[in-house]
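Next come the chains, spelled out residue by residue.
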Amino acid sequence: GAVVSQHPSRVICKSGTSVKIECRSLDFQATTMFWYRQFPKQSLMLMATSNEGSKATYEQGVEKDKFLINHASLTLSTLTVTSAHPEDSSFYICSARGREGPSVEETQYFGPGTRLLVL
Amino acid sequence: GQNIDQPTEMTATEGAIVQINCTYQTSGFNGLFWYQQHAGEAPTFLSYNVLDGLEEKGRFSSFLSRSKGYSYLLLKELQMKDSASYLCAVTLGGANNLFFGTGTRLTVIP
Chain A
1 GAVVSQHPSR VICKSGTSVK IECRSLDFQA TTMFWYRQFP KQSLMLMATS NEGSKATYEQ
61 GVEKDKFLIN HASLTLSTLT VTSAHPEDSS FYICSARGRE GPSVEETQYF GPGTRLLVL
Chain B
1001 GQNIDQPTEM TATEGAIVQI NCTYQTSGFN GLFWYQQHAG EAPTFLSYNV LDGLEEKGRF
1061 SSFLSRSKGY SYLLLKELQM KDSASYLCAV TLGGANNLFF GTGTRLTVIP
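Protein chains in written order, with the working numbering: chain A, 1 to 119; chain B, 1001 to 1110.
Don't read these hints as lab results, they were simulated from the structure.
Check the hints yourself; a few may be wrong.
[What the hints assert, rightly or not] The list that follows gives simulated cross-link-like pairs (lysine to aspartate or glutamate, EDC-like), each with its CA atoms no further than 20 Å apart:
| no. | chain 1 | residue 1 | chain 2 | residue 2 |
| --- | --- | --- | --- | --- |
| 1 | A | Lys41 | A | Glu87 |
| 2 | A | Lys41 | B | Glu1056 |
| 3 | A | Lys14 | A | Glu59 |
| 4 | A | Lys41 | B | Asp1082 |
| 5 | A | Lys41 | B | Asp1052 |
| 6 | B | Lys1057 | B | Asp1082 |
| 7 | A | Lys20 | A | Glu63 |
| 8 | A | Lys20 | A | Glu87 |
| 9 | A | Lys41 | B | Asp1005 |
| 10 | B | Lys1068 | B | Asp1052 |
| 11 | B | Lys1076 | B | Glu1056 |
| 12 | B | Lys1076 | B | Glu1055 |
Please model the entire structure based on the sequences and the hints provided.
Here is the structure:
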């Protein structure tokens, strides 16, 4: 099956700093990548959808100037949390979708997630 | 907005059967997914339903009723490793974005 990686897996930073999270599709070209946020004991909340070479589409309530998304190539998308604050501490998960595959289960492949702690 | 509801927590005994329900009220509907997520890990795909009826896959089965906006995931012969969160997610017409339900945390006890 397709593999999606995320880096780093865990990051601790000081309040006010920026953090960049990378999401890579390792063995397929991801035409679309999705970024989710998950707070403890809660479900995944879609933050934004990005298509290669175009601007990301943000969900309602997500600040696009705070969460910068870049999808510069078909295998890499980055999420930058700018001026991070303790309330941004969360589990960030990306997923990637390639061109239509042979089975519907290939809708999205999830990365392993990045746990962000802002002190 | 989209409403996708699941029970928050469930407990079941090893070897038993458990049914996790999901109800949805969404603007448009394409299909419904079930994912399993262990703490601190990414979700893994379990099943997909687009037509009414039951889809069976080993110990796991998933049911969908489009007219009722209702689905359930049935887990048989529960094992301790089945302790996890179970997320239902829907895709809406015209797009393949996943909208997740609240998730159900299942605890399997001996």
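Results for each hint:
1. A:Lys41 - A:Glu87: The hint holds at about 15 Å.
2. A:Lys41 - B:Glu1056: violated (28 Å)
3. A:Lys14 - A:Glu59: Roughly 26 Å between the alpha carbons, so the hint for A:Lys14 and A:Glu59 is violated.
4. A:Lys41 - B:Asp1082: Distance ~17 Å between A:Lys41 and B:Asp1082 Cα, so the pair holds.
5. A:Lys41 - B:Asp1052: violated (30 Å)
6. B:Lys1057 - B:Asp1082: With Cα atoms ~15 Å apart, B:Lys1057 and B:Asp1082 stay inside 20 Å; holds.
7. A:Lys20 - A:Glu63: holds (16 Å)
8. A:Lys20 - A:Glu87: Roughly 17 Å between the alpha carbons, so the hint for A:Lys20 and A:Glu87 holds.
9. A:Lys41 - B:Asp1005: holds (15 Å)
10. B:Lys1068 - B:Asp1052: At roughly 10 Å apart (the allowed maximum being 20 Å), B:Asp1052 and B:Lys1068 satisfy the hint.
11. B:Lys1076 - B:Glu1056: holds (11 Å)
12. B:Lys1076 - B:Glu1055: Holds, because 14 Å separates the two Cα atoms, which is no more than 20 Å.
Hint violations for this structure: numbers 2, 3, 5, all remaining hints satisfied.
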